[in-house]
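Q: If you read the protein sequences in the order shown, they are chains A, B and C.
This note's numbering puts the first residue of the first sequence at 17, with every later residue one more than the last.
This note's numbering puts the first residue of the second sequence at 72, with every later residue one more than the last.
This note's numbering puts the first residue of the third sequence at 140, with every later residue one more than the last.
Hints listed in this document are in silico derivations from the structure and should not be mistaken for laboratory results.
In this text, all values refer to a predicted model and were calculated from it rather than measured experimentally.
Take the hints with a grain of salt, since some may be wrong.
[What the hints assert, rightly or not] Incomplete in silico selection of chain B near chain A, CB under 7 Å:
{"id": "1", "residue": "A106"}
{"id": "2", "residue": "G120"}
{"id": "3", "residue": "Y204"}
[To be verified] Calculated Cβ distances over 12 Å to all of chain C for the following chain A residues:
{"id": "4", "residue": "L20"}
{"id": "5", "residue": "Y27"}
{"id": "6", "residue": "Y40"}
{"id": "7", "residue": "T51"}
{"id": "8", "residue": "V99"}
{"id": "9", "residue": "T128"}
[Said to hold, decoys possible] A short, non-exhaustive set of chain C residues, derived as facing chain A with CB atoms under 7 Å:
{"id": "10", "residue": "D164"}
{"id": "11", "residue": "L168"}
{"id": "12", "residue": "V188"}
{"id": "13", "residue": "T243"}
For glycine and all other residues, C-beta sits at the position ideal for the given N, C-alpha and C.
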Amino acid sequence: MTYLAVIDRGYRGTLEAQFFDALYGVLAFRGQLGTIDLVLRGTAVTAAVTAESAPPRLKLAGLPEITAPDPRASVATLVEEGVAVYVDRHGLTALGLDEDRLLPGVRCVDSTRLALSWDTYQHVWFL
Amino acid sequence: MAATVARRHWDLLIVLTAPPHVNDALTTALRLAQAVLDQGRTVRIWACGYNTMLTQESLGDRKPAHLLDPRVVAPSAAAVIRGMIDASEKRLAWIVCTACSAERGAGRHIPEVRLRSDARLAATVAAADRTVYIGGA
Amino acid sequence: MTAPTMSYLLVESQVGHASERFVGDALALAAAGGRVRLFLVADAVAAAVRGASEPVAAFTAAGGELWVDGFTLAQRAIPRRVLADAASVVDMDRVAAELTAAGTRVVWH
């Protein structure tokens, strides 16, 4: 089976997601689902861009440190594993981000044009 | 020769991940399921995320009382789902993702639903002619 | 670019920027000659109001078919007379028939 997974909402909460964000889902499920190509859109595009600083840690009294999602690490792993990762140019521009800060192996595209390739996938899922 | 197990095939699988009570995703998904059932077809719903809490036995049959009009009886989500399954003549099935259920401490589920590991997601997709994935978890 | 071979039923349930991008996907498919039905449901029904959404207007101008959920419109008390001329109010039976038709790809946003 071939899947095109589209993520168009970024950070969904440190406590809410912890380690299990949408990108973890792609990593965890691709073994059984088969080929998954990934498109990052909207606020999710930042997962494909080198962060300018490390995100702050969540500190709540009486709790151990919460493992926050690390979307950039997840994207890097996906690329290493041969997953095609596309980031939407429009989304980068909207957030004032440059293509020169993209993580290695991520392809910058017009994701609307990519819709014309939806025929080639058995499933197109917006996560 | 080993016996083969006949796996049932379904017309539609709805993978429901959008959390309930944020908007009308659940209402919409169930309306779609009912419309497909009304065509004489078969539907499976895979409940993910907080949708796994909808089929707990602890919900009982009714929602809390209408304080302003005690005559109003509002069925619980579990009762709605049970009713739809019972009326479907085995053409509707509801699957609860065990990982999501365990994460949310969703307790005992009504007997009408099936619990399934997320390791079975691909097989469940393959068992349907069409899959609609409702994201938003 | 060849026209898409599949018939598409794109379901939009949200509003906002991400929703506009999804409608943009619908537009791209329609403009390429594909048969595309965009079904607005839940909060997205507001985009069917005349003049409310430029992306939706562009989609219908490109030959896309705009469907709007009648049940949802009624629940939100949005009268049909305020909808764009190109909007067809449908019920879920119609959606179910389209969704289960051979050769139809369903993508839900």
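Q: Compare the structure with each hint and give your call.
A: Checked hints:
1. A106: violated (21 Å)
2. G120: Where the cut-off is 7 Å and the nearest Cβ of chain A is about 10 Å from B:G120, the hint is violated.
3. Y204: holds (4 Å)
4. L20: For A:L20, whose nearest Cβ neighbour in chain C is about 9 Å away, the distance does not exceed 12 Å, so it is violated.
5. Y27: holds (14 Å)
6. Y40: holds (20 Å)
7. T51: holds (17 Å)
8. V99: holds (20 Å)
9. T128: Not fine: 5 Å to the nearest Cβ puts A:T128 too close to chain C.
10. D164: C:D164 check passes; min Cβ-Cβ to chain A is 4 Å, inside 7 Å.
11. L168: With a closest approach of 6 Å, the C:L168 hint holds.
12. V188: Violated: closest Cβ of chain A sits about 23 Å from C:V188, beyond 7 Å.
13. T243: violated (12 Å)
Checked against the numbered hints given earlier, this structure breaks hints 1, 2, 4, 9, 12, 13; the rest are met.
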